[in-house]
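Trainee: So the chains spell out like this:
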Amino acid sequence: MRMAGEKSGKEALPVRQLKIITETLQRNTKGAGDLIDVTSSLHELLRKSGLNEGSMIVFVIGSTASITTFEYEGGLIQDMRELYERIAPSGRRYKHDDTWNDDNGFSHVRAALQGPSVTVPFSGSKLLLGTWQQVVLAEFDIRARDRKIVIQLMGQ
Amino acid sequence: MRMAGEKSGKEALPVRQLKIITETLQRNTKGAGDLIDVTSSLHELLRKSGLNEGSMIVFVIGSTASITTFEYEGGLIQDMRELYERIAPSGRRYKHDDTWNDDNGFSHVRAALQGPSVTVPFSGSKLLLGTWQQVVLAEFDIRARDRKIVIQLMGQ
Amino acid sequence: MRMAGEKSGKEALPVRQLKIITETLQRNTKGAGDLIDVTSSLHELLRKSGLNEGSMIVFVIGSTASITTFEYEGGLIQDMRELYERIAPSGRRYKHDDTWNDDNGFSHVRAALQGPSVTVPFSGSKLLLGTWQQVVLAEFDIRARDRKIVIQLMGQ
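Chain order of the listed sequences is A, B and C.
In terms of my numbering, the first sequence opens at residue 11 and continues consecutively.
In terms of my numbering, the second sequence opens at residue 11 and continues consecutively.
In terms of my numbering, the third sequence opens at residue 11 and continues consecutively.
Wrong hints could be hidden among the right ones.
Pairs count within a copy or across copies, as identical chains cannot be separated in the list.
[Claimed, not checked] Under the rule of at most 35 Å between Cα atoms (straight-line distance), these lysine-lysine pairs were calculated in the DSBU-like manner: (1) 58 - 40; (2) 136 - 105; (3) 136 - 58; (4) 105 - 40; (5) 58 - 158; (6) 136 - 29; (7) 29 - 158.
Calculated directly from the structure, the hints in this document are not laboratory data.
Working from the sequences, and respecting the hints, build out all of it.
Mentor: The following block contains the structure:
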């Protein structure tokens with residue numbers, strides 16, 4: 011017989027329960043070429059979650075922005091802008107511009123190539139990023155935007 | 011003493027159990043430049059899963075196709091084709107072509123640069139995509155292909 | 011009443027418990043253009059984990075390397091090097107080079123564009139990669155590096 015107060019099924023489980031936490035990070039951007047380091051907010055969200063081991067998805071909603079990782083310093087920020095300009099020049103006419111009578115065709119193709127998200131693993135309650143590896147929101151749109159970045163942690 | 015019918019260990023668990031569901035999506039493509047919107051199938055798979063919160067991996071099997079997100083409309087579809095053509099021209103001779111006496115070297119390098127997958131978080135039983143942000147299978151191979159896309163949902 | 015030896019809460023759970031396993035793979039690279047196939051190590055880590063269904067994150071720590079998938083054969087390895095050279099020429103002067111009086115600006119922009127990680131789903135204890143689709147560490151830095159790749163499995 012099992013007495014009240016004895017170990018129940020819950021305590022018998024050998025591993026910790028996995029949890030999912032979904033948060034939104036908001037950033038006001040200044041338009042094309044605005045590259046924003048969000049790493050410190052990610053560290054803060056991980057700390058508040060109390061999670062030790064798992065992964066964090068950083069996903070920007072929308073089709074004219076992107077998430078990537080690079081060493082966030084002034085010289086490289088300019089180099090990244092020049093890379094995007096070489097790959098998809100802003101001065102060129104894009105067919106997308108005719109669809110909406112807009113001028114952000116270059117923004118869309120840059121975002122599609124680089125992709126909307128990065129997944130960063132964590133362990134020992136630390137994001138496993140390099141010292142010089144920051145998580146960066148890349149704004150490609152031609153105007154200032156109010157960006158929503160979904161941060162989803164899955165772990166224990 | 012615990013009586014039959016009383017709450018057991020299962021109900022005592024404070025959080026819902028995480029589930030993994032792995033599905034395959036099949037698409038027949040028409041070869042290089044065929045860009046196929048798979049978003050509605052992803053919404054349907056999420057709905058059928060009954061999951062509320064978690065993430066969905068969309069991963070294309072093979073080395074001459076890719077998954078990305080962009081606004082799926084006719085003008086931008088052409089812009090994306092032109093972007094791929096500028097980055098890795100199809101008219102150029104690639105060393106890979108000599109390996110197999112084939113002509114799809116350009117397909118491989120495009121796929122490798124853009125990457126095979128996208129991970130999309132969901133919450134409130136909705137994929138957290140923007141209104142103009144579709145999930146797209148990019149076919150880069152020179153011939154029609156029968157593509158398998160792995161859709162894996164992890165969540166609660 | 012429940013007797014000792016009867017099914018407890020643990021057995022009553024209908025699904026298997028999800029597990030997270032975080033490992034590090036170490037690779038010594040030879041500097042820019044070194045492309046290293048890590049797929050067999052990934053198969054081995056999955057096998058040792060005993061997991062059947064879930065996903066594996068392959069994430070390289072640092073800002074001058076990247077992870078992608080392609081068909082790992084000699085011709086394509088050269089084609090990939092030429093693609094990277096066209097996108098971000100190594101002979102060009104980058105502003106990042108002035109920041110640290112270094113010469114690896116091109117390494118950083120290549121890594122940022124391609125991204126630090128790939129997530130590969132698995133099922134039936136097999137990574138769901140194509141036959142000709144290998145997971146490759148791309149070294150972009152100008153010197154030999156001791157690389158740490160985080161491999162995180164989440165599954166059941």
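Trainee: Each of the hints needs a verdict: does it hold here or not?
Mentor: Hints, one by one, checked against the model:
1. 58 - 40: within (29 Å within a copy, 40 Å between copies)
2. 136 - 105: Between copies only: 31 Å across, 44 Å inside.
3. 136 - 58: both (12 Å within a copy, 25 Å between copies)
4. 105 - 40: both (24 Å within a copy, 22 Å between copies)
5. 58 - 158: both (19 Å within a copy, 27 Å between copies)
6. 136 - 29: Close inside one copy (16 Å) and across copies (18 Å); limit 35 Å.
7. 29 - 158: Answer is both; intra-copy 22 Å and inter-copy 27 Å each pass.
In summary, this structure violates none of the numbered hints.
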